[in-house]
Each structure stands twice: as structure tokens, then as C-alpha cells.
Amino acid sequence: KQEVTQIPAALSVPEGENLVLNCSFTDSAIYNLQWFRQDPGKGLTSLLLIQSSQREQTSGRLNASLDKSSGRSTLYIAASQPGDSATYLCAVPSGGSYIPTFGRGTSLIVHP
Amino acid sequence: DVKVTQSSRYLVKRTGEKVFLECVQDMDHENMFWYRQDPGLGLRLIYFSYDVKMKEKGDIPEGYSVSREKKERFSLILESASTNQTSMYLCASRPGTLGYTFGSGTRLTVV
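Sequence order for the protein chains is A and B. With this note's numbering, the residue at position 87 of the first sequence is 361, and numbering never jumps. With this note's numbering, the residue at position 86 of the second sequence is 665, and numbering never jumps.
Read the hints as simulated data drawn from the structure, not as lab findings. There's no promise every hint is true.
Taking lysine-lysine and the BS3-like style, the derived pairs with C-alpha atoms no more than 30 Å apart in a straight line are [claimed, not checked]:
| hint | chain 1 | residue 1 | chain 2 | residue 2 |
| --- | --- | --- | --- | --- |
| 1 | B | Lys632 | A | Lys275 |
| 2 | A | Lys316 | B | Lys632 |
| 3 | B | Lys582 | B | Lys649 |
| 4 | A | Lys316 | B | Lys592 |
Listing some non-contacts, in silico: residues in chain A with all C-beta distances to chain B over 10 Å [claimed, not checked]:
| hint | residue |
| --- | --- |
| 5 | Glu289 |
| 6 | Ala365 |
| 7 | Pro367 |
Cβ coordinates follow ideal geometry from the N, Cα and C atoms, glycine included.
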């Protein structure tokens, strides 16, 4: 069964720092990997979807990379801003059901 | 952009009531899902559906049922609400095996 781990669980940084959030998974036979953002009390907003054949995806200040062989994905946030404060989750579908396993998330606070 | 709409943001119900949570998506996605999210437990899959009138149990289906009479609508039913069903409920849809789109969530409190 797929296991997904996100490290660190929480992060507090000053504005302007470049950040790396990590997502590790145990079963490398994945279809894709999706990163989400969740604001307190809200639903999940999709940030980036990386197909298994891709190595990375970029959207604005966000860059997500995927290394299937090592079972890792990283989400890079450039020049962090207070508005980036949220919980970031990764989701990894594998196996025959295509149902993803979600990580527990990294709670990010960017202070001015 | 795909839109997934959950009918209520906040809901307060009494123990024993039958509760309906509604979810509608506007992009003809085959797959729809219901999750609940609790602190320390993460997202847990309750039920999902691959097509109209089709449903599959997720990890925690006990105490819940679902209905999908039309492709765009997936309803979660709490047959007899209990306090341990107080939670954030999240609906999602997905085309094929591509990425999820989530609704904004329903915070349900059972008193």
C-alpha cells in the first residue's frame, strides 16, 4: 500500500525566502503526483499536476519536481510572501484503482 | 475552469437527523469523490463513483451512503447523524485518471 510522507510538518519563515517542501512515497509505480494548497477552513486548491513521464512542472513562483526512482517530489516556492501561508499537500495515485494517497501536509507560515 | 460546488459551507444538525450533503460539478467528469478531513487524521475517502448510479466504498463508509442519479451531482447521506461525524467534508471530481478538483468544503457540526 502506498505511503506518503511530507517533511517538514510545519515551517515558519520570513518573507522573501526560497522554500523547499518535500513529499516522499513508497511505491514508485505512480500515474501522476498532484500538489495542493489548503487555506484554513477551505477546500483544496490544485497547484501543479506532474504526470509520471514528466520531471517537473512550473507555475509562476512554484516549481514541482518528480523523481520516481527515488520516490520523491519537491515543491519549490520562490521569494515567499505572507499570502503563501497555507497547508500544502501532495497526492499520489498508484495501483490499479487510481485513487490517490494524500500526505498529511506541510503547514507553512510566512511572516512579514 | 472546472467548478465543484458544495451546497453548504457550514451546517449544524442534531444527533439522529438524516443529513444530505450535495456536490455538483460542471465539467462532465466521470469520477466523483467524498472525503472527510479531521485534525491529525488527514483526508479519508468515504465513497467514490465512476459513473452514474455506480458507487464504491472508500476507507470509512460506515454510517454513510451516497447517491449519483445524474453525472454532475454526487450526494453524501448521513443516515442518522452522530457527534463523531462532526468534520470537514470535501467533494472532488476528476476526469479519467487526471488531477482532482475539490469543492470549498462543508463544515458539519452534529450536536
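* To do: State the violated hints by number, sorted upward, taking the hints as numbered earlier in the document.
  => Going through the list in order, the structure violates hints 6 and 7 and respects the others.
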